[in-house]
Amino acid sequence: MTIPSKYDASQVEDKWYAYWIKHNYFHSTPDEREPYTIVIPPPNVTGVLHMGHMLNNTIQDVLIRRARLLGKNACWVPGTDHASIATEAKVVAKLKEQGISKSDLTREEFLQHAFDWKDEYGGIILEQLKKLGASCDWERTAFTMDPEMSESVIKVFVDLYNKGLIYRGYRMVNWDPEAKTTLSDEEVIHEERQGNLYYLEYKIEGSTDTLTIATTRPETIFGDTAICINPNDERFTHLKGKKAIVPLCNRVIPIIEDEYVDLEFGTGCLKVTPAHDENDKNLGDKHNLEVIDIFNEDASLNSFGMHYQGKDRFVVRKEIAKELEEKGVLVKTEVHTNKVGTSERTKAVIEPRLSDQWFLKMEELAKPAIKAVLGDDTDINLYPKKFENTYRHWMENVRDWNISRQLWWGQQIPAFFYGDGKEDFVVAENIEEALVLAKKKTGNASLSVSDLKQDEDALDTWFSSWLWPMSVFDGIRNPENEEINYYYPTNDLVTGPDILFFWVARMIVAGYEYKDAKPFNNVYLTGLVRDKQRRKMSKSLGNSPDALNLIKEFGADGVRVGLLLSAPAGNDILFDEDLCQQGKGFANKIWNAFRLIKGWEINDNLEQPETAKIGLSWYEAKFQKALAEIEDHFSKYRLSDALMTIYKLIMDDFSSWLLEIVKPAYQQPIDEKTYDAVITILENNLKILHPFMPFLTEEIWQYISERTPEEALIISKYPSQKTFDEEIIKDFDFATGVVSGIRTIRKEKNISFKDAVELFLIDAEKKSKKFDVVIQKLTNTAVINYVEEKVDGASFRVKSNEYFVPISIENIDVEAEIKKLNAELKRAEGFLFGIQKKLSNERFVSNAPEKVITLERKKESDTIAKIETIKSSLATLK
RNA sequence: GGGCAAUUAGCUCAGUUGGUUCAGAGCACUUGGUUUACACCCAAGGGGUCAGGGGUUCGAAUCCCUUAUUGCCCA
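Residues 4 to 881 in this note's numbering are what the first sequence spells out, letter by letter.
Don't read these hints as lab results, they were simulated from the structure.
Warning: the hint list may mix true and false statements.
[To be verified] Distance windows between CB atoms, simulated:
1. N384 x D454: 51 to 57 Å
2. N384 x D607: 51 to 57 Å
3. G740 x H26: 47 to 53 Å
4. N524 x A631: 36 to 42 Å
Please read all numbers here as calculations on a predicted model, not as lab measurements.
Every residue gets a Cβ at the ideal spot worked out from N, C-alpha and C, and that includes glycine.
Please take these sequences and the hints and turn them into a complete structure.
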């Protein structure tokens, strides 16, 4: 059998993914085993795989595959999110290309287009996840607008309404004039923008006096309904009780007094526009001011804007400034930076707007969710822990959640109006039930279905995804079904910190409200993927590599390793393709180690050599030590450290040391016992590596021998932890010091590896001799002689042991040797000085614990011994 | 403006309760090497005043104060 010297992932990965699917290893049904459950953070149904998804889902797959190997019933539920604003915007844009305007369509027609779009492009991302190796239970694929999901959402809305937690309010909301919908506070991004502060002069009615106000938004003067001054401001006492005249429209408005006005800012006079600013709205409510809304829903001016009617707010701002200047109203303009809210999705500048919206009261609902994460006996752990502070800050200041959106793509709010009054509605799961309620509420038995009109708005997408961990198991509609009881609470949630509040916090809220239990035990918050220059990866910068191309180039295993090697929990990951190259290189290394082993000819008559025996027992200890470290890293969600431990184990301990130790001479056969042991070791290495590099490991596993579907690596049994011999690891580390010493001498003295050397040593350490054969083999040392006296030749020290390799006279550079020894001596003496200073300090000796003092004394005697050997070496050279 | 976090080698990061030879890892770098698994490799090596300053302590990368810089969240 010839095995190619380069590992070709593209030949392998599709084959094993198909095999895993065929044998249904990813599918889970409740059974007697312990469940291990993850629900995927559902990506946008029309989305495409980007680096963030790759990182996220690689982590989830590692956790799931590991759980599977540990014998748990692993269930990873995949799915997608309908992403109301983003998707609706895409559909609207596509229709526009075809010359169709949304306003020409009925709701039903529009939804048909949207579902067609979803069926055509939706779920591409899930196909891409398969390329990455994601072992999701695809039979469970869910979508937040599946009929069962939507039914759950409506049920929850009705329930919360009936509990008095959902209410309708005329409120200032964040209006996105581009998407023509409201946004929740969390969907608004505050950005610093440079603008102007305009100083405008208002006339005082019945007087020649004027007053000056400062505003950043001169176009909103049409909505002014008062001027406000601070009652304590002596500059304006003369204005009290007077009225001002709004420029251009010449409306007369009252001058009111309120301590809210900041004496320092601007001129100390504030224009009040209740329809277009939250603070002004509060002032307006307090002083019973008129509310004049001057904008259309696309933020162009309406008829209140007079000759600016129909023009966009930013156009008007420029034009009106000019007009005001010409009319002498604009006194001056200052450059001014302020924060403006922009839409997360459309980037449009948010317009505060008053409208009727649906809200969910959060304060009481948040309480159990706060306790779960921050209490003493925390139910839910965040990794890394630092996010608990952020979580606390948000949850303790939580505001009511605006859950209505002026969109069609989403669950339509189940409120049915029977009249024109604000309160003329009932809330029910369907129109038939609504009719019953409406009849009861109105006392009008003659009402019919046609008299009811359902609210036009849809629910916020997060109002469906906050139920995700329950609704994917139908836990809302059938709260006691077998699946929800088995899989819920889920174990780990892996997601980005950017949706800690949007999603994570709300799932916790929903979990306690509807299952009286947490939705998950642990939340692993990944970092953002950035480029090498720390810039966020984005389409507009074009710095995001094509995920599928990366997989093509480096293999899914290579990309997975590349991502995880640089992704400590919670830290941003600075993505660099070189990392994938390292992952690919690692795959190739393991492949070649396997090639080496597979190439050996086995001879069952051969005795096991001593070197192999010792090497194997050392590696077994080393493997156990690494296994314990890996467990520890996993328990702290330090996946990159766990991977690095495995990387070093396989790269250094297995390939560089063990295989070199057991390797038979060229074209010589290997004894069966050693061969079998090496194969077992290789298999164990594959098992612990499988969660990180599933394809490569399965390929080698199946190459090692014929396996039945029941024997596939993906469902094999993870190596169990055993106690191990710490001493042998220490002794081996000492031996590697000797090996390195000899190698250094070979290099310095230009002694080829092919020429055997002889080694002499003064064994002050009285070390075990069992590694001598190993040292000999690895360094091509013909014989090791234990002596009492120095021997001529190149020398080196490991602790207080002194080693000599005789070399021909012309190779000895006495000067260089002395220089080297002097440097070593100086370092040792400095070290000794430090220790002795410490030990002669009476306060140290009397205060430090006994253990520490003993250690210091040991260090002292070791160093003294070492200095002795260096000094005597120097003496012989001179 | 308020809050949180960070600052350790050229880069990305570990460093647990203050105490093992604690100043580490990976990558990068330098030098040498066709040792029959692998040049996607092997071996050896250089490199840090632990951001600056002050303090507590027998002892500080680790605890406290302070300054600077950076990032995130909120208003």
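Any hints this thing doesn't respect? Which numbers, in order? Checked against the structure, the only hint that fails is number 4, while the rest are satisfied.
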